[in-house]
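Participant: Throw the hints in and build the complete structure from the sequences for me.
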Amino acid sequence: MAFPKRRNLQDQKRQKLVIVGSKNPVKIKCTENAFQSIFEDYFIVQGLNADPNVSAQPMGDVETYTGAYNRAYESKKAFPEADFWVGIEGGVDEVGEQMVAFAWMVVMDGSNKIGKAKTATFFLPEALSKLIREGMELGEADDQVFKRTNSKQNNGAVGILTNGIVNRMEYYQQAVTLALIPFVNKSIY
Numbered sequence: 000m001a002f003p004k005r006r007n008l009q010d011q012k013r014q015k016l017v018i019v020g021s022k023n024p025v026k027i028k029c030t031e032n033a034f035q036s037i038f039e040d041y042f043i044v045q046g047l048n049a050d051p052n053v054s055a056q057p058m059g060d061v062e063t064y065t066g067a068y069n070r071a072y073e074s075k076k077a078f079p080e081a082d083f084w085v086g087i088e089g090g091v092d093e094v095g096e097q098m099v100a101f102a103w104m105v106v107m108d109g110s111n112k113i114g115k116a117k118t119a120t121f122f123l124p125e126a127l128s129k130l131i132r133e134g135m136e137l138g139e140a141d142d143q144v145f146k147r148t149n150s151k152q153n154n155g156a157v158g159i160l161t162n163g164i165v166n167r168m169e170y171y172q173q174a175v176t177l178a179l180i181p182f183v184n185k186s187i188y
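So in numbering that gives the first Met the number 0, spot 33 of the sequence shown is number 32, and the numbers just go up one at a time.
Check each hint, because a few of them may be wrong.
In silico BS3-like pairs for lysine-lysine, Cα to Cα no more than 25 Å straight-line [said to hold, decoys possible]:
(1) Lys185 / Lys112
(2) Lys115 / Lys15
(3) Lys115 / Lys146
(4) Lys117 / Lys28
(5) Lys22 / Lys117
(6) Lys117 / Lys76
(7) Lys117 / Lys151
(8) Lys117 / Lys185
What follows is a list of derived Cβ distance ranges for each label pair [as the list claims (entries may be wrong)]:
(9) Glu39 / Lys129: 18 to 28 Å
(10) Lys129 / Leu16: 34 to 44 Å
(11) Glu125 / Lys185: 37 to 47 Å
(12) Phe145 / Lys76: 28 to 38 Å
(13) Ala126 / Tyr41: 37 to 47 Å
(14) Ile180 / Phe122: 39 to 49 Å
(15) Phe122 / Gln143: 16 to 26 Å
(16) Val94 / Lys15: 36 to 46 Å
(17) Val61 / Ala119: 13 to 23 Å
(18) Ile187 / Thr161: 27 to 37 Å
(19) Thr161 / Met58: 34 to 44 Å
(20) Phe78 / Phe145: 34 to 44 Å
(21) Leu16 / Gln143: 31 to 41 Å
Derived by calculation from the structure, the hints in this document are not laboratory data.
Since the structure is predicted, the reported quantities are computational estimates derived from the model, not experimental observations.
The C-beta atom is built at its ideal place from N, Cα and C for all residues, glycine as well.
Facilitator: As structure tokens, this is what we get:
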């Protein structure tokens, strides 16, 4: 008796394309990890520079969410043949006299379904907050205060401030996964 040939697992799955509205490797990798962990399909995840049409350092929920939405929407316009489009935008906000950091995630599909989620927030030290209030982006402020280079494409403020316990990729990945809830639970969303 002959046994059937084993097929490559990727051959059994439908290959889907996800476009992330950023070339930032952290945003691309967290998206890839979230999609691969929640779906059984095989995903190719690519980044492209999509204009968020917001300030370089978004302030508040509305501007930050708008930046994430615009990144996903611009990606969809630029590459309509994809299966999903993802926008990720980091922002800050004032809470009393202190500043918090967070990010919004927006996921779109071809049926016009939209998934949204926000990361946890964390308070920034005054040294970073002061530079941001003076017009600097959080990533640039991280580099200056902590004597780093290109921290926003690495561990970011969350990774630096937690001594690597929470890295930026994992921090974003959880929120991207949460933004995928409507696509996993189509019958109730």
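Participant: Hint by hint, note whether the structure agrees.
Facilitator: Hints and how they fare:
Annotation: proposed proximity of Lys185 to Lys112 holds, straight-line Cα distance about 9 Å (limit 25 Å). At roughly 20 Å between alpha-carbon atoms, Lys115 and Lys15 fall within 25 Å of each other, so this suggested pair holds. Restraint check for Lys115 and Lys146: the C-alpha separation of about 34 Å exceeds 25 Å, so the hint is violated. A threshold of 25 Å between alpha carbons decides the hint, and for Lys117 with Lys28 the separation of about 17 Å falls inside it, so the pair holds.
For the hint pairing Lys22 with Lys117, the CA-to-CA distance comes to about 20 Å; that is within 25 Å, so the pair holds. About 23 Å separates the Cα atoms of Lys117 and Lys76, which keeps this hinted pair within 25 Å; it holds. Only pairs whose Cα atoms come within 25 Å are accepted, and Lys117 paired with Lys151 is accepted, the gap being roughly 18 Å. At most 25 Å may separate the alpha-carbon atoms for a hinted pair to count; Lys117 and Lys185 meet this at roughly 20 Å.
Between Glu39 and Lys129 the CB atoms are about 47 Å apart, so this pair departs from the stated range of 18 to 28 Å. Restraint check, Lys129 to Leu16: a C-beta distance of roughly 42 Å satisfies the suggested window 34 to 44 Å. Restraint check, Glu125 to Lys185: a C-beta distance of roughly 45 Å satisfies the suggested window 37 to 47 Å. In this structure the supplied range 28 to 38 Å holds for Phe145 paired with Lys76, their Cβ-Cβ distance being about 37 Å.
One distance hint, 37 to 47 Å for the beta-carbon pair Ala126 and Tyr41, holds here, with the actual separation near 44 Å. About 27 Å separates the C-beta atoms of Ile180 and Phe122, a value inconsistent with the hinted range of 39 to 49 Å. Checked against the hint of 16 to 26 Å, the C-beta distance between Phe122 and Gln143 comes to roughly 19 Å, which is consistent with it. Distance hint check for Val94 and Lys15: the Cβ-Cβ separation is about 39 Å, which falls inside the suggested range of 36 to 46 Å.
For the pair Val61 and Ala119, the beta carbons lie near 19 Å from each other, so the given range of 13 to 23 Å is met. A hinted range of 27 to 37 Å holds for the C-beta pair Ile187 and Thr161, which are about 35 Å apart. A hinted range of 34 to 44 Å is violated for the C-beta pair Thr161 and Met58, which are about 23 Å apart. Range check, Phe78 to Phe145: about 35 Å between beta-carbon atoms, so the 34 to 44 Å window is met.
With their beta carbons about 38 Å apart, Leu16 and Gln143 fall inside the hinted range of 31 to 41 Å.
Going through the hint list in order, the structure does not satisfy hints 3, 9, 14 and 19.
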